[in-house]
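Chains as they are written, first to last, in my numbering: chain P, -13 to 294; chain H, -13 to 294; chain L, 51 to 334; chain X, 51 to 334.
Any given hint might turn out to be false.
Claimed, not checked - Pulled a few chain L residues facing chain H out of the computed Cβ check, cut under 8 Å:
| no. | residue |
| --- | --- |
| 1 | Ser97 |
| 2 | Gly100 |
| 3 | Arg108 |
| 4 | Ser227 |
| 5 | Cys288 |
| 6 | Ile295 |
These are computed hints drawn from the structure, not numbers from a lab.
Note that beta-carbon positions come from the ideal geometry of N, C-alpha and C, so glycine has one too.
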Amino acid sequence: MSFDYSTSIAGSVFSNPIFTASGCAASGRELAQFFSLKELGAIVTKSIMLKARSGRDTPRMAETPSGMLNSIGLQGPGIDKFIEEDLSWLISSGAKVVVSIAGESVDEYGALARRLRGIKGISAIEVNISCPNVENRGQVFACHPASARAVIESVRINLGGEYPIIAKLSPDVTDITLIAEEVINAGADGLALINTLLGMVINPKTLKPHLGGKTGGLSGPAIRPVAVRTIFQVHAKFPKIPILGMGGVSSGSDALELIAAGASAVSIGTASFGDPYATIKIGKELQELLISHNFPSLADAVGIAHDR
Amino acid sequence: MSFDYSTSIAGSVFSNPIFTASGCAASGRELAQFFSLKELGAIVTKSIMLKARSGRDTPRMAETPSGMLNSIGLQGPGIDKFIEEDLSWLISSGAKVVVSIAGESVDEYGALARRLRGIKGISAIEVNISCPNVENRGQVFACHPASARAVIESVRINLGGEYPIIAKLSPDVTDITLIAEEVINAGADGLALINTLLGMVINPKTLKPHLGGKTGGLSGPAIRPVAVRTIFQVHAKFPKIPILGMGGVSSGSDALELIAAGASAVSIGTASFGDPYATIKIGKELQELLISHNFPSLADAVGIAHDR
Amino acid sequence: MISINQRAVTSEGKILSNRKIGAYHHIIIEIEGIAEGAKPGNFIAISVGGVESNMPLRRIFAIYRSKAQSKYGSIVEIIVAESGKGSAWLTRQIEGSTLYITGPLGTSFPIPADPINVAIIGGGYGAAPLFDLAETLKNKGCRVDALIGAATSAKIFAPLEGKRTVNSITITTEDGSAGKKGRITDVLEDLLKENQIELIYSCGPMGMLKAVHEIAERLSIAHQISVEESMACGIGICMTCVLPIRGDDGIVRMLRSCIDGPVIDGEKLIWSEGIPPETLGRHL
Amino acid sequence: MISINQRAVTSEGKILSNRKIGAYHHIIIEIEGIAEGAKPGNFIAISVGGVESNMPLRRIFAIYRSKAQSKYGSIVEIIVAESGKGSAWLTRQIEGSTLYITGPLGTSFPIPADPINVAIIGGGYGAAPLFDLAETLKNKGCRVDALIGAATSAKIFAPLEGKRTVNSITITTEDGSAGKKGRITDVLEDLLKENQIELIYSCGPMGMLKAVHEIAERLSIAHQISVEESMACGIGICMTCVLPIRGDDGIVRMLRSCIDGPVIDGEKLIWSEGIPPETLGRHL
Ligand SMILES: Cc1cc2nc3c(=O)[nH]c(=O)nc-3n(C[C@H](O)[C@H](O)[C@H](O)COP(=O)(O)OP(=O)(O)OC[C@H]3O[C@@H](n4cnc5c(N)ncnc54)[C@H](O)[C@@H]3O)c2cc1C
Ligand SMILES: Cc1cc2nc3c(=O)[nH]c(=O)nc-3n(C[C@H](O)[C@H](O)[C@H](O)COP(=O)(O)OP(=O)(O)OC[C@H]3O[C@@H](n4cnc5c(N)ncnc54)[C@H](O)[C@@H]3O)c2cc1C
Ligand SMILES: Cc1cc2nc3c(=O)[nH]c(=O)nc-3n(C[C@H](O)[C@H](O)[C@H](O)COP(=O)(O)O)c2cc1C
Ligand SMILES: Cc1cc2nc3c(=O)[nH]c(=O)nc-3n(C[C@H](O)[C@H](O)[C@H](O)COP(=O)(O)O)c2cc1C
Ligand code: FES
Ligand code: FES
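Turn these sequences into a full structure, and let the hints steer you where they fit.
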């Protein structure tokens, strides 16, 4: 009997559940020299904004115990140049593509969605409403139910139903299931859990915040227990909503944890910094584990921790 | 010139800023065979409840990358037996004592406070309103401004101003400065930051949540960047409120990060599990670092990262 | 309530030898201060993963043997089964490597005042602490019969010197690759009766301890067990390692198996799963 | 935009030798596939801390020398200054240890078409990648003058073979423990003029690069620098390592120093601190 490794998120089908994480694979091209991007479930592109953006001051990273902080601040070329240069290349490479977008206002999200309409080869839109690396943390739309809802509504209306919408949420909230509820009601077809946790490192020599942007987003294995908990909580409440899980996955066993908690696919972020082949390695390990657990398909393992 | 290592929290003076963390030193006696408890700034006792409590099912711990989850569930003998056996021993040992209390209702906190009145030898009361290891997470009073406020008011009234009140907050909230504001207005003299983050580990063999209580509290070096960020945010908004910092400190340099962010003293939790002498070692390292940075006193280093 | 082993020290040791025996690693460590206070049944807690470890917690190992004045100085020996990441790291450490250890910790096996007939029952590496115990018992004039079981022969820990200290040794393996095919409990009752055993010491997985206890209880034989609960600290400060134990006052409390154990009177342990309803302070 | 070094591979290497020279460690690694594509100025990214490391990110080291067909196989050499935890771990690794490495990465020093007079300027371990460069330049017929500076003699990296490849070598130390007392910039202008230098290659701390650049600019000498920015990935996927660089179109962009560098034309770098106001997409 053959094992079915494919996964689907609101109608979009992917050959396997291992995706890159937004901001951890640039626009895909850089990884393409190490392996064929077609080997991945999908490439999730770095969150793109309407206009070009230079990001935050350097230093932009600090290593922390089993994790790292980043304060990139959504550097990018802007949506037009992105579509023209990066996205067209990605699509032509044959990779499955999830485009991540980030705006400074509800309208900007809408405008981004409109710009993406009618492009053949996009599998889903990930709406990053949870980037902690913005000057005003009030801009983290995912921190408040009303703003989270408004953004997803705007994207839904402007996208005209062309691609599934995946809302990416922040764990830095009192009750993530409330935010999940709002974005689901607003029309999100899936959820991406979790973005980084807000953190800070103080340089022990200068005794100043180490990052140029002072605070940064905490990622890597350190945060995996928070990711598993969040996915578990949200899947318990909304078992039919597909979840793209992420947070500290660096082995097949880690990925299986997120899947058992309720994720239908898993994005790999920080692990790719430590090993360019991390996604490929994790994908193989996960498949072997699922088979050794006697699952006939990946889908049978999704959320299994809730039933046992 | 001699270096002044002492610290004070709302009038209570401690010979040095290194405390144990609540729940990570039991009632002090167990560590006393390794070193004299008088070497510590203070012992913070395991949060005590009104009645005896057996805690949550085992397994109660899972190691995670540079961290651990625990789901003890506030096991303890109840306040009367605690006062009679543990507290009296502790006080007679000559250690400085901070008593941590936890209740299931606002009234229970009040009752605990009343029970502690008039006991000579208590330096402060830490009010744990942020333990994630309770059956109903709605019981985490620190998650909501109104409940946080009600608890601290009740403690304040019932304590009659005998000891400083330190409110221990949870990082699992959308904006911790709002909770801080409420408890300060309610009469907290200081803040303890941070309690553990809510997390989960799924056992890769059984594919079930590993902990008996399913979720647990994440502690250890993994969470340090969240602790530093939280302390920094709260100290920026309330520079005059003393902070007892904690979260992933396992070296003098780690402790210095929390102090530079705004902590007047630092509790050591998980590190003591890995090394019974962790508090002593960290205390020495911190003192050396402060001296090498040319601070005339610990107090001069508190919050220094805000000024540089 | 018993408090932490008063002889515990925290110290730096050096690996003198690390050899594979069957499925296990036999590690001999030179370290000051631990053998000096160790008694059969005590354990040690070892830091794993080196200076830049992602594993903040110590790992717990029963003391297999220890000697304060060997020709290599003060030594402690352990038998390590590779299980997860920490034990795997330990088995990879070469001679001369440094280990940070706290010990001896926990309770020890109580030794009867009179020379009686005892059985030692070990499952897998659970046999490790029992042979030192057997020697002590032998010196007391006890008759000691050993019953050692495991899934397969590679997991039978029964060293030659150990065999010599006991009056008889029975081995069972589930796959029949050594000794009798089957489980410890298949032969236990006969062994207990034949040798008129008055006291059982057992150490191994909880399932085995429980099965042994059922037989011991039925035959009214005293039973000292050494339990293996997940321990975050090993020194009584975290409350992760608890088990429901009935006190002399009849009250059931969740006691810490790192300081009130690992050696526990089988009769006092409540063997049901989870926290028993009658436990002091049980919630709901 | 330049994309990632197309010759990069990820591979497992073995330490052939790890020797202390002065304040540094000279590590020779046998590894397939890296020397084959390496050019002077490229770097490698090494995993640190072993299997159970708490350090998820690779560490970056300039290639000092490499040889695809040495008698020990394909080798890469690096010079490591102990700085934080990862480099400290690296310096402790013994012969035979395994290292996981990605490389060669980044841009390389551009080689002039004609035999001109060049200077190589290295601060501290920044000198490491310059001697292989010097050899390539020498073979092209260039005159190469070297200027190596550091705080103290132990931090001067100027190996004997390296000294042989250059036409002259000047050493400065801030404490006067070797060569001239003072900084590189104290002697630089004279050296440039005397030897009629047409192109400078420099590698070292940003402060030094900047000081050198001011002189180069004043004297209108072309200046290729190798920068050292904090890098989380080294392969262009994280955007942590950016620097403001003016493109041929006149527009300033924050470019990734791991793939558009580390070797950069000094004239194109905007040397001010922080993100310059004219940078494309600068916020507020
Ligand atoms: C009193 C006592 C005596 C023991 N004696 C021995 C012995 O002599 N030889 C031997 O090989 N093993 C012994 N063990 C078991 C040994 O402690 C575990 O196998 C080991 O801790 C597993 O660590 P790991 O890193 O390999 O596994 P991981 O699964 O990575 O460990 C993760 C965490 O869980 C804990 N843990 C995992 N499995 C166990 C377990 N079975 N028991 C307790 N904690 C566990 C670890 O200590 C660690 O904190 C003993 C345990 C106890 C409590
Ligand atoms: C292109 C390039 C070439 C380099 N060549 C050499 C060389 O040949 N020899 C040598 O000794 N060092 C070199 N370095 C510097 C070396 O990468 C750092 O010293 C090293 O990463 C410090 O790691 P650590 O774990 O010891 O320090 P930590 O402070 O623990 O490192 C924490 C994190 O910050 C990063 N980091 C810290 N310091 C630096 C730094 N100075 N530059 C870049 N990242 C840093 C680390 O990579 C790590 O991710 C080079 C750096 C770059 C960017
Ligand atoms: C350097 C870096 C850049 C990131 N950029 C983005 C981004 O642009 N958009 C986004 O939604 N998430 C971004 N993230 C968050 C990741 O997509 C992911 O949610 C998070 O890192 C947790 O996964 P990990 O632990 O596997 O890295 C970034 C993370 C890192 C480390
Ligand atoms: C096993 C364990 C038990 C704890 N019990 C309590 C408790 O009873 N009351 C409390 O306020 N915090 C408790 N905490 C939280 C710690 O006091 C501390 O806030 C947290 O662990 C972060 O510090 P650390 O990373 O140094 O451990 C406990 C933590 C652990 C690991
Ligand atoms: S292991 Fe910590 S109390 Fe027993
Ligand atoms: S280090 Fe990641 S992009 Fe340069």
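| request: Would you pick out the hints that fail for this structure and give their numbers low to high? | output: 2, 4 and 6
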